[in-house]
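Participant: This is what each chain is made of:
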Amino acid sequence: MFFSIAVYFALAIFGAGLLYKVLTWFRSSITIGSSEIPFLKRVLSTLGGILLTLFSVKIFTLLKVFILDVVLNRRILKEDFLRWLMHMSISGGFVLLLLMHALGRYTSAAFFADYSSTINPFFFLRDLFGALVLAGVAIAIYRRFILRIPRLFTNVRDHYAIIIVIVILLSGIALEGVKITSHTIYQQMVKDYAGLDDAQELRSLEAYWAREFGVVSPEVKGPFDAGTIAQGRELHSMNCAACHAKAQWAFTGYGVARIIRPFASGLDKLNAPGLLWYIHIFACLIGLAYLPFSKMFHIIASPVSLLANAVMEQGKSAPAAIATRQMMELDACTHCGACTVRCSVAAALEQIPNINILPSEKIIAIKALASNRELTTKELKAIQEGVYLCTNCYRCTVVCPVGINLQELWFHVRELLLQKGMPELSLLSPLSFYRSLMREEIGHKDYQKPLLKARKVIADRGDVQKGTPKAQVLPLPRRDGEFKGRLSLSAQASTFSVCFGCQACTNACPVVAYYDNPQEHLGLLPHQIMHACALGIRGLAFGANMLWDCLTCYQCQEQCPQGVCVTDVLYELKNCIVASVGEQTGRAVRKR
Amino acid sequence: MKRFALFLGCTIPARLTHYDSASRAVLEALDVRAVDIKAFNCCGYPLRNIDFKAFVQLSARNLALAEQKGLPIMALCQCCFGSLKKAQHLLKEDGSLRTEVNAVLAKEGLHYGGGVEVRHLLQVLHHEVGIKAITKRIARRFAGLKVAAHYGCHVLRPSTVVQFDDPVSPTIFDELVAATGAVSVAWQRRLECCGAPLRGVNDELSLALTKQKLEDAQGAGADYLCVACPFCQIQFDTVQGSMPSKGGKDHQLPCLLYPQLLGLCMGIDKKALGLEANQVPIQGIEGFLAQGRKKREASPPEDRGEEHREGAQRAGAKG
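So the protein lines, in turn, are chains A and B.
All residue numbers for the first sequence refer to the working numbering, where the first residue is 1 and numbers rise by one.
All residue numbers for the second sequence refer to the working numbering, where the first residue is 1 and numbers rise by one.
Treat the hints as calculated values from the structure; they're not laboratory data.
None of the values given here were measured: they were computed from a predicted structure.
Heads up, some of the hints might be wrong.
[Said to hold, decoys possible] Quick list of in silico lysine-lysine cross-link-like pairs, DSS-like style, CA-CA up to 25 Å:
#1 A:K367 with A:K41
#2 B:K211 with A:K445
#3 B:K136 with B:K271
#4 A:K420 with A:K367
#5 A:K41 with A:K316
#6 B:K38 with A:K78
#7 A:K221 with A:K246
#8 B:K132 with B:K2
#9 A:K78 with B:K69
Using the sequences and the hints, build the whole thing.
Facilitator: Right under this line is the structure:
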């Protein structure tokens, strides 16, 4: 009665959680241009897409992906054998335990007419599957806590996932162990299954079980004579053997039984089997009820992600369906860190301490973003910088074991955040190359706005000189005594001091050459920037558009007769601006 | 057989896979072994505007990985090459920077001691394989084909750091083009930037500079542009392909990657060369080969060697 109520209660929470989660896939969105699509259209569009796929040749693709990627974890195997072994052990072992052991009454009993959990092969298999899961968990612990892969982070959700599996497994094995030794349970079995009344016969059987099955009996103590054992064996084969294999077959539980042997009687008196049963069942039910809210939800979302990504195509699938898929993908992530391990820029974290650079952590930030939780400007800026510090190399997407189209996710979140109007100076770097290739998808207005914003923030920081001021009183530019000294990231940067203003750099610059009136567009020209640095006029040097319109082609530097590293000085000025604007807008100050 | 750690960078595997496959095919045929180091990351180039140390750190990690394997690096990208070279130079010059970077690398058991050679594909072909060996492997030569070779900024400059070739009058690429039988035309803007570094930052300016270069190469009579850098290729191919055409006339100047040009002469599988992957079609270039073949088929077999020698001489004369 209590058991049934608990099971139904857990199932109800699980069901409600599942429904809630799946509904969020249709309600929220992080896909550009999808915020206006109504809920109903999202649902219909997605369902329509699924139906169309199921009744097309794509069904074969789905089947293939299901077998190779969902069941056999092919994508994990491609990246890392140890992780594949870990996941196959845990997932395989757990699913088999679920089917054969937890749902044994419905599944195993349906297939095998004489099913009983205490006979072989079921008796042995239960322990084998359990041992498999434990081996997998051991690998997981080794990987997360001993191997210490650089930049692989383990969070509360990862801990929970490992702990819940361990508790379920260990309580189950311990339960089996104490049951093997338990005299109470032995007596119950004799009462239920062996119709014996004779005291001598009962003692013989008990002696046999104590010797052969590990039962710890307070009444019969060895050593036993051969006659008693022979009688016990005979009684056993008549009454018990049909439904109970030797306890040794349950090797994990038997191992525990051997260890606890000295205090088995005490444990039995304390009703340890009953207590462990509650722990085991509660752990299972908590695992079930909390599943939709934990990392374990990937059991449901990851196969969906793998299947959806195998058949959906950018540009062909409906935008409403893509918006739904992207939300679902956030739940499919297992925080395994494969993306971060292979990320092209992950190592930059060592110098730019923003955890959102790492793809595996970006996903967590995006989850927070998608949950419509109020985020502070600082948090949003950190996410924006993190998603922008990406070379769009696709490696994360290629290696994701659950097939999440991470690259596409970054692209959408990036544009979504940029449209919020927070300045992002990383836009003014070759990282924007990809953004420009995707220009059509962004739309002209949305494309230019963040670029102008970034330029404006810089212009506000410096004294911008446009054109040649005529008939104007020139204000005396502010000098910053320390400025010169600060240009010292690299040895080359200080070379500006030997500039004698010959303009060879400016004459060699293809950007300067392109404009009829270069100063109007570029502010200061290369030689003027060198001069401004030498004079310590920070505002002028910082305000020059020339810095950001520099091709970094090194023509200027190559031509300089004085060995001034012109291009490198420009690089250094840009670095200084990025750092100072970062400080001003409340971004975490970088360590230097 | 010379072995190199192939440094693909971020752009080639994501957007220009045929540069990868074409290079591998050509290198294999020329007995150069390209070894993959999976743990390589970004060269740091895109971060140079943003954070100096982050750039050096990323570059240094690659150098350390190659050093660990005891292999020289071969880059296919001008910007990767330039950045790796630059970082190498900085780490050599600045002891405190080297200590700081190595302290971070030590966290993952890496160390950069300065013993890695960084090469560009063009250097490997020119210096390690050699024009002579390449000419020997060529099956069909181009005839009457005019190619504008575009070096790309970051292999040439800063010359004291990259030490690729003469920064004012480089010849490596021209000699490699000449080895295929094609004529490497002289054009005024050949050493200038393709415009790609400003793509995404100032598209208007980026495109204008690209157009200038295309017009200049066309003006010099080039039939094709030839590059050896993914950024240059995307700029001259993908971006050019998306430019609105003038008056419906085909004014485009197709651009191909050097391994494609060389691979065609070497009779390498066209699938590996990825000729269809180009946005502005380059299939027409095979027409120049067909003429070459006819000519060669017409001549008696013993003349073949003669032709090869001639080709080598011509290539040598160019240099």
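Participant: Run every hint past the structure and note whether it holds.
Facilitator: Outcome of the hint check:
Between K367 of chain A and K41 of chain A the alpha-carbon distance is near 23 Å, which keeps this suggested pair within the 25 Å criterion. Taking the CA atoms of K211 of chain B and K445 of chain A, the gap is near 24 Å; set against the 25 Å cutoff, the hint holds. Of the pairs offered as hints, the one joining K136 of chain B and K271 of chain B holds, with about 23 Å between alpha carbons and a cut-off of 25 Å not exceeded. Using a Cα cut-off of 25 Å, the hinted pair K420 of chain A and K367 of chain A holds, with the two alpha carbons roughly 17 Å apart.
Proximity of K41 of chain A to K316 of chain A is assessed by CA-CA distance (about 17 Å); at most 25 Å being required, the pair is judged to hold. Among the hinted pairs, K38 of chain B with K78 of chain A is consistent with the structure: their alpha-carbon atoms are about 12 Å apart, no more than 25 Å. For the given pair, K221 of chain A sits about 20 Å from K246 of chain A by alpha-carbon distance, which is consistent with the 25 Å threshold. Note on K132 of chain B and K2 of chain B: the hinted pairing holds, with a Cα-Cα distance of about 16 Å set against a maximum of 25 Å.
Distance hint between K78 of chain A and K69 of chain B is fulfilled; the C-alpha atoms sit about 22 Å from each other, no more than 25 Å.
Checked against the numbered hints given earlier, this structure breaks none of them.
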